[in-house]
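There are 2 protein chains.
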Amino acid sequence: MTDHRRLRVALLGAGAVGSQVAALLLKHADELADRAGASLELVGIAVRDLDAPRETDLPRELFTTDAESLIVGADIVIELMGGIEPAKTYLLQAINSGADAVTANKALLATHGPEIFDAADQVGAQVYYEAAAAGAIPIIRPLRDSLAGDRVRRIMGIVNGTTNYILDRMDTEGADFADVLAQAQALGYAESDPTADVEGYDAAQKAAILASLAFHTTVPLDAVHREGITSIDKATIDSARHAGYVIKLLAVCERLDAEPGVDGQESISVRVYPALIHRNHPLASVHGANNAVFVEAEAAGNLMFYGAGAGGVQTASAVLGDVVSAARRHIAGGVGVAESTRANLPIVPIGHVTTRYQITLEVDDQPGVLATVAGILSEGRVSIATVEQTVIDDAALGVPVARLVIGTHKAREQDLSDTVDRLAASGVVERVVSVLRVEGD
Amino acid sequence: MTDHRRLRVALLGAGAVGSQVAALLLKHADELADRAGASLELVGIAVRDLDAPRETDLPRELFTTDAESLIVGADIVIELMGGIEPAKTYLLQAINSGADAVTANKALLATHGPEIFDAADQVGAQVYYEAAAAGAIPIIRPLRDSLAGDRVRRIMGIVNGTTNYILDRMDTEGADFADVLAQAQALGYAESDPTADVEGYDAAQKAAILASLAFHTTVPLDAVHREGITSIDKATIDSARHAGYVIKLLAVCERLDAEPGVDGQESISVRVYPALIHRNHPLASVHGANNAVFVEAEAAGNLMFYGAGAGGVQTASAVLGDVVSAARRHIAGGVGVAESTRANLPIVPIGHVTTRYQITLEVDDQPGVLATVAGILSEGRVSIATVEQTVIDDAALGVPVARLVIGTHKAREQDLSDTVDRLAASGVVERVVSVLRVEGD
Ligand SMILES: NC(=O)c1ccc[n+]([C@@H]2O[C@H](COP(=O)([O-])OP(=O)(O)OC[C@H]3O[C@@H](n4cnc5c(N)ncnc54)[C@H](OP(=O)(O)O)[C@@H]3O)[C@@H](O)[C@H]2O)c1
Ligand SMILES: NC(=O)c1ccc[n+]([C@@H]2O[C@H](COP(=O)([O-])OP(=O)(O)OC[C@H]3O[C@@H](n4cnc5c(N)ncnc54)[C@H](OP(=O)(O)O)[C@@H]3O)[C@@H](O)[C@H]2O)c1
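Chains Y and X supply the protein sequences, listed in that same order.
In terms of this note's numbering, the first sequence has 277 at position 277, counting the first letter as 1, and numbering is strictly consecutive.
In terms of this note's numbering, the second sequence has 128 at position 128, counting the first letter as 1, and numbering is strictly consecutive.
Any given hint could be a false lead.
Note that the list lumps identical chains together, so a pair holds whenever it fits in one copy or between two copies.
The calculated lysine to aspartate or glutamate pairs, modelled on EDC-like cross-linking and capped at a C-alpha distance of 20 Å, are [stated by the list, open to error]:
1) LYS88 to ASP30
2) LYS27 to ASP222
3) LYS88 to ASP418
4) LYS88 to ASP66
5) LYS27 to ASP257
6) LYS410 to GLU296
7) LYS410 to GLU61
8) LYS27 to GLU298
9) LYS27 to GLU266
10) LYS410 to ASP257
11) LYS234 to ASP179
12) LYS234 to ASP176
13) LYS88 to ASP51
14) LYS88 to ASP121
15) LYS88 to GLU339
16) LYS234 to GLU173
For the record, the hints were derived by calculation from the structure and aren't laboratory data.
Next comes chain Y alone, as it looks inside the complex:
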């Protein structure tokens, strides 16, 4: 090891991720110093409870409950506490005292990103957040740097491991949502309160971060349309399989062309929902708790980034990569590069989005019903691509009922949902079983 300049590193949080970051910083100190061109001196670790057990073996004297004193004089501050406050206050304090900041805090960046990036820009500091979008998968640098000379058309991400694990097991084992969720909780794949995952909140935060980068546009979290997976049952999965699809919770970030004839601007759509995807699409083979981000760019074509989207030690890898980058920048000098949000494209509501759909209906099994349904779709500007009708042999339903699975051509979401309302009210439709978007082509 060469003689290096020393950089003071302060760590806030020693939970699942922070305890691994601290352990790796200490264990690989020499190697990291060689790579960074500076020795990374861990000056302290702020926690709430000094006596709490830690997942890795760390020197007691590093721990403190006084985060603010730790930040003063640090060159690099790593925020791994999570939540909005006090994480935000500490991060701003770090930036304003001249440190570079590293964080994995997707909740914070998705809600207060612009304020934090502006503060960094004011003082020429840099905020690194590779771990905030897809855990260990390097996706921030590819979007921010590698694709900076290209134009991203669309991102489709499987960015939540818990929901992918649940949907994958439902698909491969024919199990029901509640059973798989209970098992996932027992195995530690899902939290005891699974809302953030299964209702798509976690994925929506990541979608906001990915879309901001890909489209050089500030994407507020409330502009992200969000639906979870709790309504996906065994029957929906089976019917998807039957049609050659698999269901994935997708974060879709899409560039929309200016409306033809209007002297308008491009816009973007950012949305999270369970969608059908063809079994031969690369995203269909992302199993278990793995994540993947599929990027369609104008020049580069289709790219996919695959790996672990969470996990303490996996996420620590991404955090440490950011720490090395921050150290190299300290050595090289110069100011930080501001987030590129100059495009600021308008974000359209979900009603303006165009996709394909699969509509599953239970209808009266009588002559003329298909014609009525087809007529309502056509009036609603929803064009039919495929229809499959099966008679349901269920005495409990009383009347003879048929199931219609309709695949549509691309339709506007607003037209589609108006049309589904009209179908539901038509008198011939007993039940709208499901309406799912089809992505990936």
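Starting from the structure of chain Y, add chain X with the ligands where the hints point.
Same frame as chain Y, but now just chain X with the ligands:
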């Protein structure tokens, strides 16, 4: 568009990649300026023949045959001529005159990388080469930055599109090597002289670049063990399929632990050869001319990067990403970050490498032959995992012959090849049909 500082960009070469880079620089000038924080002024394009037809529509007045004058005063020089000279002279001239350099030239970097990086380091310039390792797939930044805090154990890359296309068609269509190669040439997927691709030279250059980055070690091209795919025939592919494998030309970059008991150092191995890979490994589903790089890291776990490994416009995306990075660095100030080669691990010859093997033999169909073969393997420290024996019903062979397909446990390459020599000389083996490594587990 905001008012920006102007940076002078010189382009050397307007072939498959350069003509696309020039077109995109001009077409997206405003957008690129917003992202880079500087307007990128294309000051000229150096070519050999001013009158040659170009793939994109470019202003005639930009063209010149005087590359040297173009370089003088440029802030960013993009080298897309290919070959060693004069590319190397021009690149060094650019660096020494204070410009940042962008290149896609894998041949040059794999042979003269250290000299070029040293020159850049001397003057605080930066060399960007995202397009040199896997075309449009962002892999340089992930290895150099995102994984800088982790330890890469192994990389397995499908980094040559031509050979992947050939092997994939042989696999899916049962076609023979020569036929598919001829078709690939007709379709423009393979060059009229296919040596660089099918003999693994192109993949070896990329392997050297990837291993240098992953292991922070200078890897000279002649330290890369290289075998091509010309010996892979239909029978080999069929027998691989039968055993649940697919054959891919892999660039393998591997970290080897210090030998147990020796107070030694870790070492690395870099090799390119056709290998068997399980059909459920993510690399097995990389079809056609696509590329993918599979990375196993200690903390991050398994990652995969997938996309187009070549193509003029795809590669131009990676080049332009580098141009934007170079521009941002110019704006931000500071010196370039030197290549991290401080680990300088020893590179072991192929004989020291340990993998699994599949050995296919034609043996006399007589009692005791299997025992003899098993004895020779065991003496040679090659342990058998699976054996399959089939009788070959071929009158032309005269004597009754059986085919033995032996899967081994992990064995040392030197032991294996000595053992295969002994098998060949044993008197019971009629023919060593093939010896293939098995990778990916
Ligand atoms: N876990 C993952 O797989 C993963 C993946 C990607 C991103 N992330 C992100 O990484 C961040 C950290 O996640 P985590 O799973 O490591 O969280 P965690 O296990 O809950 O750990 C949080 C840590 O922060 C400390 N802390 C909380 N509030 C504090 C305060 N007011 N003052 C001082 N210390 C405080 C806690 O101290 P005590 O231990 O004393 O309570 C604990 O050590 C979050 O933003 C999360 O979204 C996590
Ligand atoms: N093509 C791909 O898909 C791909 C993918 C990854 C990386 N790369 C790398 O990118 C680089 C460029 O590849 P390419 O396919 O674009 O090559 P190319 O089509 O052969 O183009 C080479 C260009 O360089 C010019 N040139 C050659 N020697 C010159 C000299 N002495 N002075 C001035 N100009 C000279 C040529 O001028 P004229 O046109 O006047 O002859 C031509 O415009 C290579 O290093 C290659 O390995 C290519």
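Against the structure, the hints come out as follows:
In this assembly of identical chains, LYS88 and ASP30 lie within 20 Å of each other by CA distance neither inside one copy nor across copies; the values are 31 Å within and 34 Å between. With identical chains, the CA atoms of LYS27 and ASP222 are never at most 20 Å apart, being 41 Å at best within one copy and 34 Å at best between copies. For the identical chains of this complex, LYS88 and ASP418 are neighbours neither inside a copy (42 Å) nor across copies (63 Å), given an alpha-carbon limit of 20 Å. In this assembly of identical chains, LYS88 and ASP66 lie within 20 Å of each other by CA distance solely inside one copy; the values are 16 Å within and 55 Å between copies.
Proximity of LYS27 to ASP257 under the C-alpha cut-off of 20 Å is restricted to the inter-copy arrangement: shortest distance 17 Å between copies versus 50 Å within a copy. Proximity of LYS410 to GLU296 under the C-alpha cut-off of 20 Å is restricted to the intra-copy arrangement: shortest distance 18 Å within a copy versus 40 Å between copies. For the identical chains of this complex, LYS410 and GLU61 are neighbours neither inside a copy (61 Å) nor across copies (45 Å), given an alpha-carbon limit of 20 Å. Within a single copy, LYS27 and GLU298 get their C-alpha atoms only as close as 43 Å, which misses the 20 Å cut-off; across copies the closest is 13 Å, which meets it.
With identical chains, the CA atoms of LYS27 and GLU266 are at most 20 Å apart between copies only, with a shortest distance of 16 Å across copies and 49 Å within one. For the homomeric pair LYS410 and ASP257, the shortest alpha-carbon distance inside one copy (15 Å) is at most 20 Å, but the shortest distance between copies (54 Å) is not. In this assembly of identical chains, the alpha carbons of LYS234 and ASP179 lie at most 20 Å apart only when taken from the same copy (11 Å versus 47 Å across copies). In this assembly of identical chains, LYS234 and ASP176 lie within 20 Å of each other by CA distance solely inside one copy; the values are 5 Å within and 45 Å between copies.
In this homomeric assembly, LYS88 and ASP51 never come within 20 Å of each other (Cα to Cα): the closest approach is 25 Å inside a single copy and 60 Å across copies. In this assembly of identical chains, the alpha carbons of LYS88 and ASP121 lie at most 20 Å apart only when taken from the same copy (16 Å versus 38 Å across copies). In this assembly of identical chains, LYS88 and GLU339 lie within 20 Å of each other by CA distance solely inside one copy; the values are 18 Å within and 34 Å between copies. In this homomeric assembly, LYS234 and GLU173 come within 20 Å of each other (Cα to Cα) only inside a single copy, at 10 Å, whereas the closest approach across copies is 37 Å.
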